[in-house]
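Peer 1: Sequence:
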Amino acid sequence: MEALLILCPSCGATNRVPRERVKRGVEAVCGRCKTPLPISFEPVIATDANFAGTVERSSIPVLLDLWAAWCGFRVCAAPAATHNAQQSKALKIVALSF
685 MEALLILCPS CGATNRVPRE RVKRGVEAVC GRCKTPLPIS FEPVIATDAN FAGTVERSSI
745 PVLLDLWAAW CGFRVCAAPA ATHNAQQSKA LKIVALSF
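First residue of the sequence shown? That's 685 in this note's numbering, and the numbers climb one at a time after it.
Heads up, a few of these hints could be off.
Claimed, not checked - FRET-style restraints, in silico, Cβ to Cβ:
| hint | residue 1 | residue 2 | range |
| --- | --- | --- | --- |
| 1 | Q770 | V710 | 11 to 21 Å |
| 2 | G756 | G709 | 36 to 46 Å |
| 3 | R758 | N734 | 32 to 42 Å |
| 4 | L750 | V710 | 30 to 40 Å |
| 5 | T719 | V746 | 18 to 28 Å |
| 6 | N768 | P702 | 17 to 27 Å |
| 7 | R716 | P763 | 33 to 43 Å |
| 8 | T719 | G756 | 33 to 43 Å |
| 9 | W754 | A687 | 32 to 42 Å |
| 10 | K718 | C755 | 32 to 42 Å |
| 11 | K718 | G756 | 36 to 46 Å |
| 12 | G715 | C755 | 38 to 48 Å |
| 13 | G756 | C717 | 38 to 48 Å |
| 14 | S781 | I723 | 20 to 30 Å |
None of these hints come from the bench; they were simulated from the model. Positions of the beta carbon are idealized from the N, C-alpha and C atoms, including for glycine.
Produce the entire structure from the sequences given, and follow the hints as far as they go.
Peer 2: Quick look at the structure:
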């Protein structure tokens, strides 16, 4: 069974959520604190505030997409990063603007 690993925004716990459940529209909640989990198939946006938790302490490998708004290549590469984030089973795609 394919599962997503989702970090709880409230308590920081890593939760394993079956993809089939997400596709059926069932709301996922944290197993520890019962906070609703954000389900997104888009790249995670990294900031100074969440970088350590999102990238450094990730429980799965991270592909860090470094980009800048002025970079023309980014406009071309963004759809591929989004597609990879949607298809990934064990890789977190994180976008970091510089």
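Peer 1: Indicate, hint by hint, whether the structure satisfies it.
Peer 2: Here's how the hints hold up against the structure:
1. Q770 - V710: 11 to 21 Å: Once the Cβ atoms are compared, 18 Å apart, the range 11 to 21 Å for V710 and Q770 holds.
2. G756 - G709: 36 to 46 Å: holds, 37 Å
3. R758 - N734: 32 to 42 Å: Violated - the Cβ-Cβ distance for R758 and N734, about 21 Å, lies outside 32 to 42 Å.
4. L750 - V710: 30 to 40 Å: holds, 35 Å
5. T719 - V746: 18 to 28 Å: holds, 23 Å
6. N768 - P702: 17 to 27 Å: holds, 20 Å
7. R716 - P763: 33 to 43 Å: The hinted range 33 to 43 Å holds for R716 and P763, with Cβ atoms some 35 Å apart.
8. T719 - G756: 33 to 43 Å: About 39 Å separates the Cβ atoms of T719 and G756, which means 33 to 43 Å holds.
9. W754 - A687: 32 to 42 Å: Hint holds: Cβ distance 38 Å, inside 32 to 42 Å.
10. K718 - C755: 32 to 42 Å: holds, 41 Å
11. K718 - G756: 36 to 46 Å: holds, 45 Å
12. G715 - C755: 38 to 48 Å: At roughly 39 Å between Cβ atoms, C755 and G715 fall inside 38 to 48 Å, so the hint holds.
13. G756 - C717: 38 to 48 Å: Once the Cβ atoms are compared, 43 Å apart, the range 38 to 48 Å for C717 and G756 holds.
14. S781 - I723: 20 to 30 Å: The hint (20 to 30 Å, Cβ to Cβ) holds, given that S781 and I723 are roughly 23 Å apart.
Hint compliance for this structure: hint 3 alone is broken.
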